[in-house]
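Could you put the whole structure together from the sequences, leaning on the hints where they help?
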Amino acid sequence: MIAREVMDTRFHCLQPEDTIETAVRRFKTSSDAEGKKIFGMMVTDSDGRLVGMLSMHDILLFIQPKHVEIWGEIEDVDPEPIFEGLLARVRNIRVADIMTTELVTIKPDTHLLVIVDLMIKRHIRRVPVVEGEAVVGIVYRSDLFYHLLRRFVA
Amino acid sequence: MPIVEQRSVLTGLQVKEAMRRDVQRMAADRSLAACIRRMVKFKGNALLVDAPAAGAPIGVVSRTDLMGAYYAGLPLETLVADILAGPPRFCFPDDGLEDALDLMRQEGIHRLYVRGAGPAEIVGVIAFADIVGLLYRFCRFCSQSRRKAKTPDGALARLRVGEVMSPLGAACGPGDPIETVVETLSAHRFGAVLVAGARGEPLGVVSKTDLMVAYLHGEPTAAAAERVMTSPVAVCSTQALLSEAIQQMLLTDVQRLFVTGAEAPAVVGVLSLSDAARFRSGTCRACVTSRLMTGE
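If you read the sequences in order, they're chains A and B. Note that the first sequence ends on residue 158 in my numbering; no numbers are left out. Note that the second sequence ends on residue 341 in my numbering; no numbers are left out.
Hints are supplied without guarantee of correctness; some may be wrong.
To be verified - Distance condition first, Cα-Cα at most 25 Å in a straight line; then the derived PhoX-like pairs of lysine-lysine:
(1) A:70 to B:86
(2) A:40 to A:111
(3) A:125 to B:86
(4) B:88 to A:70
(5) B:86 to A:32
(6) B:61 to A:70
(7) B:86 to A:41
Claimed, not checked - If you anchor each label on the Cβ, the simulated ranges turn out as follows:
(8) B:139 to A:49: 45 to 55 Å
(9) A:61 to B:139: 29 to 39 Å
(10) A:6 to B:139: 50 to 60 Å
(11) A:136 to B:59: 54 to 64 Å
(12) A:95 to B:166: 37 to 47 Å
(13) B:59 to A:92: 35 to 45 Å
Note that these hints are calculated values from the structure, not bench results. Note that this is a predicted model, so its numbers are computed, not measured. All residues carry an ideal CB built from backbone N, CA and C; glycine is no exception.
Quick look at the structure:
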């Protein structure tokens, strides 16, 4: 019952200097390539070292308007063009600007129940697996869930 | 002698009705780069800074402080402790909104942190823009405002941007260096400066957030303003209704609109949320006139 058994070794990464537009496109292409929804990706530098994680949550947080309650109340204005204007502010923003840098990582031999504990306590859905300085995989909560509870779906 | 007490739409409202509960905090021993990233990510105008060991707030770092660090050429590894301003100003959740506004006015600041039971317990933050947003929402649902808008002369009672705006103090050219933009912002106490073309037409805006991002990306202060400006510029006409302008600012998260006159596209003025707030809700004059009450 260790990380190596459930970690996904086919993962897609972003670069810190990528734009948010590139990141969104990469989320889509990676999801299509893997045949499953990818909600977060690792960010690695030019030497392949893990420097952060960027999730859909981070991007949604950034594009969310400050006065969101007013958006819920307006009826007399077409919100689409205004929202398009809000999206324009991602133009100068790079992945490194909004990625999460306080990371939780595990090793390939970390016990699965320790990973469960980490995910519950830290409210995380995916954990990078690191060996030395190299990223060797990623454990998704859904993979962990179905692996641990596979007897109920057999 | 009777005392006339003027009541406003804010009377009776408490800080907790307008405050935000997600307070962004950072330890004083973190770097300016980390500080900027946090502010960009959460679109904050300031961070509450905690003492590294005690975890109690000791100061505030604002976009203005970071702009100053950029101008001074401080490295991004500089500690937040080296540039913070302090101590932070506090209020309590059950304080009146008018009292909170008075305190902001006296101190010349735009936000107060809301303290809980203990000195280190911070339960929220209240910013000037949040109060304007709350006012705007009240105004939209105000029966007086709606009734006036429906009367034949309703349009006369509603304020227009041209009556409220301030003249455009200064602007920069697209080729001006970033350091000139910073000097203009500081000299005029602007939140953002217009980048205008030769005929005064708006080309872009450089805000303090744009400068923070430029600082983070290592843009030299000698670089041209057009490299960091945001475009298109959020504009409105002098004839636009003030209520619509406030709505535009609140929906698009900008704190000012540049105002074009009859000879568009030249910019003739600027409307800030502060200008709008001087006229309270801005939708009509009902709030002030209908709430004048006489007491003992």
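The hints, checked one at a time:
1. Between residue 70 of chain A and residue 86 of chain B the CA atoms are separated by roughly 12 Å; this keeps the pair inside 25 Å, and the hint holds.
2. A C-alpha spacing of about 24 Å is found between residue 40 of chain A and residue 111 of chain A, which places the hinted pair at or below 25 Å, so the restraint holds.
3. For the suggested pair residue 125 of chain A and residue 86 of chain B, the alpha carbons sit about 23 Å apart, so the restraint of at most 25 Å is met.
4. Our distance criterion of 25 Å between C-alpha atoms is met by residue 88 of chain B and residue 70 of chain A, whose separation comes to about 8 Å.
5. Between residue 86 of chain B and residue 32 of chain A the CA atoms are separated by roughly 22 Å; this keeps the pair inside 25 Å, and the hint holds.
6. Restraint check for residue 61 of chain B and residue 70 of chain A: satisfied, since their Cα atoms lie roughly 17 Å apart, inside the 25 Å limit.
7. With a C-alpha separation of about 24 Å, the suggested pair residue 86 of chain B and residue 41 of chain A falls inside the 25 Å cut-off, and the hint holds.
8. At about 49 Å, the beta-carbon gap between residue 139 of chain B and residue 49 of chain A stays in the expected band of 45 to 55 Å.
9. Residue 61 of chain A and residue 139 of chain B have their C-beta atoms about 33 Å apart, which keeps the hinted 29 to 39 Å range intact.
10. Between residue 6 of chain A and residue 139 of chain B the C-beta distance comes to about 53 Å, which sits within the given range of 50 to 60 Å.
11. Remark: the range hint 54 to 64 Å for residue 136 of chain A to residue 59 of chain B is upheld by a beta-carbon distance near 55 Å.
12. At roughly 39 Å, the beta carbons of residue 95 of chain A and residue 166 of chain B sit within the given window of 37 to 47 Å.
13. Here the CB-CB span from residue 59 of chain B to residue 92 of chain A is close to 36 Å, well matched to the stated 35 to 45 Å.
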